[in-house]
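A.B. asks: Add chain B to chain A, keeping to what the hints say.
There are 2 protein chains.
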Amino acid sequence: MDLTERCVAHVELFKGRLLHAFRDDVELPDGTVGHREYIMHPGAVMIIPLVDRADGTQAVILERQFRYPVGETLIELPAGKRDPGEDSLATAQRELREETGFCATEWAFAGKLQPAVGYSNETIDVWFARMLRAGKRKLDAGEFLEIFEASPDELLTWCQSGRVIDSKTLVGALWLQNVLSGAWKVTWNRVPAGPHGWVTA
Amino acid sequence: MDLTERCVAHVELFKGRLLHAFRDDVELPDGTVGHREYIMHPGAVMIIPLVDRADGTQAVILERQFRYPVGETLIELPAGKRDPGEDSLATAQRELREETGFCATEWAFAGKLQPAVGYSNETIDVWFARMLRAGKRKLDAGEFLEIFEASPDELLTWCQSGRVIDSKTLVGALWLQNVLSGAWKVTWNRVPAGPHGWVTA
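Just so you know, the sequences run in chain order A and B.
Our numbering numbers the first residue of the first sequence as 6 and each following residue consecutively.
Our numbering numbers the first residue of the second sequence as 6 and each following residue consecutively.
Isolated chain A (complex conformation):
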């Protein structure tokens, strides 16, 4: 059965500083007309940054950030919105640098996730990063977050216990678990840093 819904009217509901909302009239599979309200989003990236510890094990870089909509300080993987026209890897390099201070010289694309398919068109690209070099971070105005590292086992324990509740970070844990076990493969690429410490094109 073709479940596709076709746009018959597209109306802007609201344009705020962050949220941009629309209501479309759509033709449903049975020919009747329905209504769909949703947020248009520029897209985002998430990074799973892996650091090599002195004891030969790997750790993942995490953030602690207050999320006003849910009223809590959450544990999350680094992530951020794409700038207009910005390529996915360039966003990942920029956000990792801005939020954590780290530059990575090896990157692997994992996959995509859509956080809220019922009411947002947001897609988040998921990247692994390794061979990290620490630097100075540069947070956006109004952005406050703390960086820390945890072992993959700690992260997975927190996913089970409810200490990690952010969906993208839970999806990151799925990727991390399966890549570290060898069940899922990713392809690592060496990405030279540009003059500002990351590739911009």
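Since the hints were derived computationally from the structure, they do not count as laboratory data.
Positions of the beta carbon are idealized from the N, C-alpha and C atoms, including for glycine.
Check before you lean on any hint, since a few could be wrong.
What the hints assert, rightly or not - Cross-link-like lysine to any residue pairs, in silico, SDA-like; alpha carbons within 20 Å at most:
id : chain 1 : residue 1 : chain 2 : residue 2
1  : A       : Lys141    : A       : Glu154
2  : B       : Lys143    : B       : Phe71
3  : A       : Lys117    : B       : Thr78
4  : A       : Lys190    : A       : Phe114
5  : A       : Lys20     : B       : Met45
6  : B       : Lys117    : A       : Ile80
7  : B       : Lys20     : A       : Asp30
8  : B       : Lys117    : B       : Trp189
9  : B       : Lys141    : B       : Arg69
10 : B       : Lys117    : A       : Val75
11 : B       : Lys20     : A       : Asp29
12 : B       : Lys117    : B       : Gln182
13 : A       : Lys117    : B       : Trp163
14 : B       : Lys20     : A       : Gly21
15 : B       : Lys117    : A       : Phe71
16 : B       : Lys117    : A       : Leu185
17 : A       : Lys143    : B       : Leu33
18 : A       : Lys20     : B       : Gly21
As the list claims (entries may be wrong) - Have a look at the derived ranges for each label pair, beta carbon to beta carbon:
id : chain 1 : residue 1 : chain 2 : residue 2 : range
19 : A       : Asn194    : B       : Thr37     : 37 to 43 Å
20 : A       : Asn194    : B       : Lys141    : 47 to 53 Å
21 : B       : Lys141    : A       : Arg58     : 52 to 58 Å
22 : A       : Met45     : B       : Ala14     : 23 to 29 Å
23 : A       : Asp88     : B       : Arg168    : 24 to 30 Å
24 : B       : Met45     : A       : Phe153    : 27 to 33 Å
As the list claims (entries may be wrong) - Here are some, though not all, of the chain B residues that point toward chain A, as calculated from beta-carbon distances under 10 Å:
id : residue
25 : Ile44
26 : Pro47
27 : Glu81
28 : Pro89
29 : Leu161
C.D. replies: Same frame as chain A, now just chain B:
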């Protein structure tokens, strides 16, 4: 460091049929004032329904549903919004029944996820269901979806390949993988069905 942001003003931006948006002025950790725009959501549940196959293996019930905001037919675990005052398990029983036709007599709470912490207060409770009895489904007006079953290995392969992209379903795969491997434990409870086939209180 206390990262908490405190509300100093709360303004309704927009109330549609689905979306209810607000902008708050907030006091940031450094004492300056920032702005946060977000969607208020009633909360939702997701169900990981397990069926016993004749060959002794287990399969999971999935849905195929067109998601207008992302313009694609997606593979998802059953899920739905909570009605006002409705208890989480009652929502899970109702949504499983409405969307798939199945009633389950054994339920286990897994955990919670928040799909879009940057701009929505939505929380999704994750439930496992087993001991399923097939019945007649009852979709909402304007809701069109197909039901099918897959093995846990198939679901995980699709999570890696990008065929599954919905974040809640990816998080469901994380739960399924770890519960089936025995790494994560859940507690199963026998839940008698009420007169309408599910418990309403």
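A.B. asks: For the pair supplied as a hint, Lys190(A) and Phe114(A), is the alpha-carbon distance within the 20 Å limit?
C.D. replies: At roughly 10 Å apart (the allowed maximum being 20 Å), Phe114(A) and Lys190(A) satisfy the hint.
A.B. asks: Quick one, is the Leu161(B) hint okay against chain A at 10 Å, beta carbons?
C.D. replies: holds (8 Å)
A.B. asks: Do the beta carbons of Asp88(A) and Arg168(B) sit within 24 to 30 Å of each other?
C.D. replies: holds (29 Å)
A.B. asks: With respect to the beta-carbon atoms only, verify the hint that Lys141(B) and Arg58(A) lie 52 to 58 Å apart.
C.D. replies: holds (56 Å)
A.B. asks: Against the 20 Å threshold, does the CA-CA distance of Lys117(B) and Ile80(A) hold or violate the hint?
C.D. replies: Holds, at roughly 14 Å.
A.B. asks: Indicate whether the distance between the beta carbons of Met45(A) and Ala14(B) respects the range 23 to 29 Å.
C.D. replies: holds (26 Å)
A.B. asks: Against the 20 Å threshold, does the CA-CA distance of Lys117(B) and Phe71(A) hold or violate the hint?
C.D. replies: holds (18 Å)
A.B. asks: Between Lys117(A) and Thr78(B), does the CA-CA distance stay at or below 20 Å?
C.D. replies: holds (15 Å)
A.B. asks: Min Cβ distance, Pro89(B) to chain A: is it shorter than 10 Å?
C.D. replies: Hint on Pro89(B): violated, closest Cβ of chain A at ~18 Å, above 10 Å.
A.B. asks: Between the alpha carbons of Lys143(B) and Phe71(B), is the straight-line distance 20 Å or under?
C.D. replies: holds (18 Å)
A.B. asks: What's the verdict on Lys117(B) and Leu185(A), does the C-alpha distance respect the 20 Å limit or exceed it?
C.D. replies: Not OK: Lys117(B) and Leu185(A) at ~24 Å, beyond 20 Å, violated.
A.B. asks: Is the hinted pair Lys141(A) and Glu154(A) satisfied, with a Cα-Cα distance of at most 20 Å?
C.D. replies: With Cα atoms ~17 Å apart, Lys141(A) and Glu154(A) stay inside 20 Å; holds.
The structure shown violates the earlier hints numbered 16, 26, 28.
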